[in-house]
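> Each chain, letter by letter, is given below.
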Amino acid sequence: MKTIIKLSLALLLIAAACVAAVCYTRAAHARESSVKESRISEIREMVRLCSLEIMDDVALKDSVNGKWLFARCRLEGRVSFDLEKLEFGSRGDTTVVILPPEIVDVRESTSSGSYEVLDTWDNSFLGLGNLSAAEENTLRRRQARRYRSLIYSRGYVRRARATAVSTLEGLFRLFPDPVVVTDPYPEGAVFLSSPFKATQ
Amino acid sequence: MMKKKLVTAFLLLTLAGVVTLAGVWAFRRFSPRQTDVKMFSELRDLHQIVLAEMSVNKVGVISDDGLSGLSSLISSFKLGERIAVYSYDTFLEAYIDLDGLTPGDVEIDEAHKVVKLRLPAVQTRFAGRDMEVKEEHYRVTMLRSHISPSERAALKERMNTSLKAEVENNTEYRRMVTEQARTKAVGFFTALLRGRGYDAEVTVAP
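Chains as they are written, first to last, in our numbering: chain A, 32 to 231; chain B, 4 to 209.
These aren't lab readings, by the way, just hints derived from the structure by calculation.
Predicted model only: the values in this text are computed from it and were never measured.
Cβ atoms here follow ideal geometry from the backbone N, Cα and C, with glycine treated the same way.
Hints are supplied without guarantee of correctness; some may be wrong.
Once the Cα atoms are required to be at most 27 Å apart in a straight line, the calculated DSSO-like pairs of lysine-lysine come out as [said to hold, decoys possible]:
#1 B:K116 <-> A:K67
#2 B:K119 <-> A:K116
#3 B:K81 <-> A:K33
#4 B:K116 <-> A:K116
#5 B:K137 <-> A:K92
#6 A:K37 <-> B:K6
#7 A:K67 <-> B:K137
#8 A:K37 <-> B:K8
#9 B:K119 <-> A:K33
#10 A:K33 <-> B:K6
#11 B:K137 <-> B:K116
#12 A:K67 <-> B:K81
#13 B:K7 <-> A:K37
Here are some chain A residues pointing at chain B (derived, C-beta under 8 Å) [stated by the list, open to error]:
#14 A41
#15 L44
#16 K67
#17 R75
#18 M77
#19 S82
#20 R171
#21 S180
#22 L181
#23 L205
#24 V211
#25 V212
#26 D214
#27 E218
The following label-pair restraints were derived from C-beta to C-beta distances [what the hints assert, rightly or not]:
#28 B:E175 <-> A:S121: 41 to 47 Å
#29 A:E115 <-> B:T144: 18 to 24 Å
#30 B:S153 <-> A:T34: 44 to 50 Å
#31 B:G103 <-> A:G186: 25 to 31 Å
#32 B:E160 <-> A:E166: 50 to 56 Å
#33 B:D48 <-> A:K116: 20 to 26 Å
#34 B:R121 <-> A:R177: 39 to 45 Å
#35 B:A194 <-> A:R177: 49 to 55 Å
#36 A:A47 <-> B:M5: 29 to 35 Å
#37 B:D48 <-> A:E115: 41 to 47 Å
Please model the complete structure; the sequences and the hints are all you need to start from.
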């Protein structure tokens with residue numbers, strides 16, 4: 032009987048020690064990282080009319096050098112126009128304003144959980160390769176380029192340019208003298224396959 | 004004798020019950036879970052003029068130096084060192100919402116060619132962060148495991164939470180970018196109206 036009690040106590044202690052070790056190990060991973068204080072890099076002045084914002088959860092499944100990554104990302108797309116590049120013309124007593132080329136920005140959202148790595152694997156012989164930061168950045172750059180193309184192909188740029196025209200017309204209507212806003216590139220001025228790319 | 008047997012049986016049952024409960028808890032806590040992944044998609048038309056953008060840099064470190072107690076002891080037995088430093092930029096922008104601009108905010112004096120313009124108040128918001136992280140330093144030696152994409156993602160999440168808390172608790176960030184925006188707004192609209200032959204008195208609501 033004493034033996035049974037001793038055995039039971041020993042089993043209980045071992046179980047408790049295992050659970051404690053697992054909890055501590057998981058917590059230790061969090062303590063391995065530290066974060067430094069933020070620093071202002073730059074403040075840029077600009078005058079950009081922002082006419083469309085897109086927020087999307089997208090899956091990233093891509094590979095580089097035989098190493099694969101599968102992640103969930105929340106991306107923010109923004110279509111804007113540099114108002115300091117507005118061109119003015121005249122048609123009689125009416126001022127004609129020409130909408131400049133669009134600027135399409137793709138960034139990662141700052142909301143919690145915007146980048147979550149779900150799986151990584153290596154297709155090489157032993158499958159032991161680890162995706163480095165540089166390789167991961169290559170995949171993220173590719174993802175940004177694909178998403179930018181998607182913004183054009185889904186007609187978001189067309190919608191943003193139309194919104195920008197109506198916003199500017201509403202703004203200039205408040206000022207003296209008649210103004211007409213025209214858009215020479217309703218489908219988008221920056222054609223990704225065109226040799227005539229506007230610099231962004 | 005009977006009493007002794009009853010006490011023993013009671014103790015054994017209690018021990019068995021505690022071990023079972025501990026096992027069930029551990030199984031539920033650490034077994035793989037199915038998580039629902041909600042995919043989010045939103046499109047918004049905006050009528051906003053962004054006037055200034057601040058880049059805020061954040062640095063995060065993965066290393067054994069931050070460990071203490073038992074973790075530090077365990078780490079001292081591991082062969083090799085493991086340290087990596089990463090950084091990225093988050094953007095804070097200042098803008099005015101043209102939906103807040105009404106005909107009453109514009110006064111035109113045609114006789115003297117003067118326009119008085121009252122712009123809506125400057126607002127600030129986060130405008131995303133870099134998708135890529137810059138590897139400032141990387142050193143993993145001997146038998147230590149390389150830094151994985153999951154660890155970098157977890158570090159980025161921690162950095163994001165820390166940065167947002169810093170910006171919320173320190174009004175200086177928003178004040179600096181708002182001041183730049185107000186100056187830019189006044190300058191731009193003054194030049195725009197002057198180009199059309201009008202002197203302008205441009206103010207921005209507080």
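> Each hint needs a verdict: does it hold in this structure or not?
Results of checking the hints against the structure:
As the CA atoms of K116 of chain B and K67 of chain A are separated by approximately 54 Å, the hinted pair breaks the 27 Å bound. For the hint linking K119 of chain B to K116 of chain A, the alpha-carbon distance of about 24 Å falls within 27 Å, and the restraint holds. The hinted pair formed by K81 of chain B and K33 of chain A fails the criterion: a straight-line CA distance of about 41 Å is larger than 27 Å. Note on K116 of chain B and K116 of chain A: the hinted pairing holds, with a Cα-Cα distance of about 25 Å set against a maximum of 27 Å.
For a cut-off of 27 Å, the pair hint linking K137 of chain B to K92 of chain A stands: about 21 Å separates their Cα positions. With a C-alpha separation of about 20 Å, the suggested pairing of K37 of chain A with K6 of chain B holds against the 27 Å cut-off. With a CA separation close to 15 Å, the supplied pair K67 of chain A and K137 of chain B stays within the 27 Å bound. For the hint pairing K37 of chain A with K8 of chain B, the CA-to-CA distance comes to about 16 Å; that is within 27 Å, so the pair holds.
A hinted pair counts as satisfied when its Cα atoms are at most 27 Å apart, and K119 of chain B with K33 of chain A does not qualify at roughly 95 Å. Taken as a hint, the K33 of chain A and K6 of chain B pair is honoured in the structure, with Cα atoms around 16 Å apart against an allowance of 27 Å. Between K137 of chain B and K116 of chain B, the direct Cα distance comes to roughly 53 Å. Violation of the 27 Å bound is thereby established for this hinted pair. At roughly 26 Å between alpha-carbon atoms, K67 of chain A and K81 of chain B fall within 27 Å of each other, so this suggested pair holds.
Between K7 of chain B and K37 of chain A, the direct Cα distance comes to roughly 16 Å. Compliance with the 27 Å bound is thereby established for this hinted pair. Contact between A41 of chain A and chain B, as hinted, is not supported at the beta carbon level, the nearest pair being about 10 Å apart and thus beyond 8 Å. Against a cut-off of 8 Å between C-beta atoms, the interface hint on L44 of chain A is violated, since the closest Cβ of chain B lies about 10 Å away. Interface hint at K67 of chain A: satisfied, since its Cβ lies 4 Å from the closest Cβ of chain B, which is below the 8 Å cut-off.
Because the smallest distance between the Cβ of R75 of chain A and any Cβ of chain B comes to about 5 Å, under 8 Å, the interface hint for this residue holds. Proximity of M77 of chain A to chain B holds as hinted, the smallest CB-CB distance being about 6 Å (cut-off 8 Å). Taken as an interface hint, S82 of chain A checks out: its beta carbon lies about 6 Å from the nearest beta carbon of chain B, inside 8 Å. Hint status for R171 of chain A: holds, given a least beta-carbon distance of 4 Å to chain B, under 8 Å.
Taking 8 Å as the C-beta contact cut-off toward chain B, the hint placing S180 of chain A at the interface is violated, the least distance being around 15 Å. A hinted interface residue such as L181 of chain A counts as satisfied when its beta carbon comes closer than 8 Å to some beta carbon of chain B; here the least separation is about 12 Å, so the hint is violated. The interface hint given for L205 of chain A is met, as the beta carbon of that residue sits about 5 Å from the closest beta carbon of chain B, less than 8 Å. Because the closest C-beta pair between V211 of chain A and chain B is about 14 Å apart, greater than 8 Å, the hint is violated.
For the restraint placing V212 of chain A at the interface with chain B, the shortest Cβ-Cβ distance is roughly 14 Å, beyond the 8 Å limit, so the hint is violated. Taking 8 Å as the C-beta contact cut-off toward chain B, the hint placing D214 of chain A at the interface is violated, the least distance being around 16 Å. Because the beta carbon of E218 of chain A sits about 18 Å from the nearest beta carbon in chain B, more than 8 Å, this interface hint is broken. Taken as a hint, the range 41 to 47 Å holds for the pair E175 of chain B and S121 of chain A, whose Cβ atoms sit roughly 46 Å apart.
As the Cβ distance of E115 of chain A to T144 of chain B is approximately 51 Å, the hint placing it in 18 to 24 Å is violated. Taking the beta carbon of each, S153 of chain B and T34 of chain A are about 46 Å apart, inside 44 to 50 Å as hinted. Here the CB-CB span from G103 of chain B to G186 of chain A is close to 28 Å, well matched to the stated 25 to 31 Å. For the hinted restraint 50 to 56 Å between E160 of chain B and E166 of chain A, the CB-CB distance of approximately 20 Å leaves it violated.
Checked against the hint of 20 to 26 Å, the C-beta distance between D48 of chain B and K116 of chain A comes to roughly 22 Å, which is consistent with it. For R121 of chain B paired with R177 of chain A, a C-beta distance near 43 Å keeps the hint of 39 to 45 Å intact. In this structure, A194 of chain B and R177 of chain A break the distance hint of 49 to 55 Å, their C-beta atoms being roughly 39 Å apart. Roughly 32 Å separates the CB atoms of A47 of chain A and M5 of chain B, a value that falls within the hinted 29 to 35 Å.
The hinted range of 41 to 47 Å is not satisfied by D48 of chain B and E115 of chain A, whose Cβ atoms lie roughly 22 Å apart.
When the structure is compared with the earlier hints, violations turn up for hints 1, 3, 9, 11, 14, 15, 21, 22, 24, 25, 26, 27, 29, 32, 35 and 37 and for no others.
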